[in-house]
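Same order as they appear, the protein sequences are chains A and B. Residue numbering for the first sequence is 1 to 300, as defined by the numbering used here. Residue numbering for the second sequence is 1 to 432, as defined by the numbering used here.
Please keep in mind that the hints were generated in silico from the structure rather than gathered at the bench. The beta-carbon is built from N, C-alpha and C at its ideal position, and this holds for glycine as well. Take these hints with a grain of salt, some might be off.
[Said to hold, decoys possible] If you want a taste of the chain B side facing chain A, the calculated C-beta under 7 angstroms gives, among others:
id, residue
1, Ala62
2, Gly64
3, Ile68
4, Gln73
5, Val102
6, Asn106
7, Leu136
8, Gly137
9, Ser154
10, Ala221
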Amino acid sequence: MTISRRNFLKIAGAAGGALLAGGRKPAAAATAPPADPKGMEFYGMLIDTTKCIGCRSCEEACNEKNRLPKPEVSFSSETVFEKKRDTTPGAFTVLNRYPNPGDPDKPIFVRKMCMHCNQPACATACLVKALEKTPEGPVKYNKDRCMGCRYCMVSCPFDAPKYEYDSALPYLKKCVFCFDRVKNGEQPACVEACPEGASHFGKRRELIEIARQRIYRNPDKYYPHIYGEHEAGGTSMLFLSSVPFEKLDFRMDVGTTPYPEKTTGFLYAVPHIFILWPTFLYGLSYLTHSNDKETGHGEE
Amino acid sequence: MEKNSAVAIHHVKSPTGTDTLRGFLRFLLGELKPKGKILTPFNVVSGLIILGGLVLIVIRFAYGLGSITNLSQEYPWGIWIGFDVVTGVAFAGGAYTLCFVVHILNFKKYEPILRATVLNGFLAYCFYAGALLLDLGRPWNVINPIIGNAFGYSSVLFLVAWHFLLYTLCQFVEIFPAVTEWLYWPKVRKYAKACTTGAVIFGITLSTLHQSGLGALFLMASNKIHPLWYSGNIPILFFVSSVFAGLSMVIAESSLSHRIFRDQIDPRHHASFDDILLGMAKGALGALFAYFFLKVIDFVHGSHWALIDTPMGYWYLVEIIGGVVIPIVLFTIAILGNNVRLVQITAFITALGVILNRLNVSVIAFKWYSANRYYPSWAEVWVTAAVICLEIWAFRWIVNRMPIMSEHPAFPEEEKAHPKETEVLRWKVSAS
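Please work from the sequences and hints to get the whole structure.
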């Protein structure tokens, strides 16, 4: 997303610069600043469900890294797969098991966590910027700002944010893509723990290249779609699968429009109404009251 | 007239004694005492509800939201938002609608009910939007978007929060002349009245934006709300429906007030009251028609025909037919036949329809596909009832003390005052 926008801006800048300068100084256009002042690209994670063996190492690593409470069922147990699980305030990533139509002995395991959208609905919804999209890619949480309105939960198309309803001093809880590591270019805990390389960390643009290559080279193995490339305007988490994604409970109704764009129409109308409405109302009031003075009310 | 009464007022000490700080405090203390019988059935029942509600609120803050509510990870907003805030604010829409009619369009006919309506709107914002604090996980951080501890300008909720605050202030300015009359501060009243038009214009603008903003809150829940209720036009639908929601609430509320506070009401107003109700019914009917056509456009544009023959589709028809079509028919019959009783009944049906619509968008059609549906817990309903009872207590306390239902005898509206009243006033002032 960013890189394509950046490239686009470079090209547009070059074209625009050339137009403005009448073609005399193309060098000025070549030095057009990148879209992001830091020249940063989003990091992402490519999760290849065909490689995952369901060992739950990612869950365990996440639990330790974020100092989450120990679960009742140990991380080595497979009994958790009997039911479909969702993330909770105490588990930022969970694995779910799905039958594999191609090979019944090798079920498909799918990780679930915050998708870290390129343009997140939650961060747009947050009125105190407690949730923020960082230039590195993670959507981080500034817990001291949060007032607990839970509008982010209403807005998130993936239902990623979870709330501590049982606490008198609650916070929002979700995967923050190990922001403290990722901002230094280090891989998150779950990727580090993965023995099969099913979760792969890198620049989002490069991950999409890798994913495309895998699909291209193994057309029989992969379903030809990268979930997260365009979903909800693109996400930092990218998924590959051998079966259509709807069979793995991925939400197929999120569309490709970035979620913040759903409210821009309304928000852009606000300043216009703020200028035009009072003008109109004052004018109307002036006209309807102009007769009052002529009749001389209040005077004797 | 005004001049005369003002001269008269200047000659005497304030009858309430509120021109000194000590007198003001003594007056306030005296007014704080309850008036009339204390142990009425209503007081006992509502008192118990409020008491129970306070206990529940203590539990909620001690043990977290999960202790008394049915909120879940799937349903972050329950009836404290869907009913108290979203529906409560729609019903408060009568205040800006009537202010528009009286102050901007200069229809003096509706003036007798204006103060009660604005007071109701003001209290609705204080109590129902105030109930929002109960729902916030960390309510003390509610000042963050106001003091600028990171402004989230991109958020619709940021806009709604600011507008709530500013509009509540506007309504206070609009109702403030009544406070000055109660305290007998003629000088302050003069300045307060001068601010009214400004507050009204600002208030209508704010209302337009935050009534629609409440709908815009749900724009990003596009894949969670049933397609029959989700629409890109939801802000406009919320705004238009707030007009008839507000008017039907004013009709219902003023009909009740007229019975309860009968002795306070000016006899001249009694005579014009039926006319006022019929006028408001016409306004509500117009808004209902506009709303109905907007809904039809949405429905046709979304090609939702296939969805009608589903359980949610039937539910949608209940809302549209019961809450919009039937009120349109009944209001029309009532207006044509000058049937005030039918206007009151229809207003009640319309209000129910609005409750249904707001609850559908925020709770019932929200995650309609979910296996674990949200139902409010008894405690959530109880606290909501307690908030409503508190609002009624506050309303009653103010109406029994301030000139809300009728004019203060010392401060008649310029247009209506006639010599006889001035004579009465002079006599009263000289007698005191």
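Hints and how they fare:
1. Below 7 angstroms, beta-carbon pairs count as interface contacts, and Ala62 of chain B has one with chain A at about 6 angstroms; its hint therefore holds.
2. For Gly64 of chain B, the suggested interface contact is upheld, since its CB lies about 5 angstroms from the closest CB of chain A, less than 7 angstroms.
3. Below 7 angstroms, beta-carbon pairs count as interface contacts, and Ile68 of chain B has none with chain A, the closest being about 10 angstroms; its hint is therefore violated.
4. Interface hint at Gln73 of chain B: satisfied, since its Cβ lies 5 angstroms from the closest Cβ of chain A, which is below the 7 angstroms cut-off.
5. Annotation: Val102 of chain B was flagged as interfacial toward chain A, and the flag is violated, the nearest CB pair being 10 angstroms apart, outside 7 angstroms.
6. The restraint placing Asn106 of chain B at the interface with chain A holds, with a minimum CB-CB distance near 4 angstroms, inside the 7 angstroms limit.
7. For the restraint placing Leu136 of chain B at the interface with chain A, the shortest Cβ-Cβ distance is roughly 5 angstroms, inside the 7 angstroms limit, so the hint holds.
8. With its C-beta approaching chain A no nearer than about 2 angstroms, Gly137 of chain B sits inside the 7 angstroms limit, and its interface hint holds.
9. For the restraint placing Ser154 of chain B at the interface with chain A, the shortest Cβ-Cβ distance is roughly 5 angstroms, inside the 7 angstroms limit, so the hint holds.
10. Given the 7 angstroms rule on beta carbons, the hint for Ala221 of chain B holds: about 5 angstroms separates it from the nearest Cβ of chain A.
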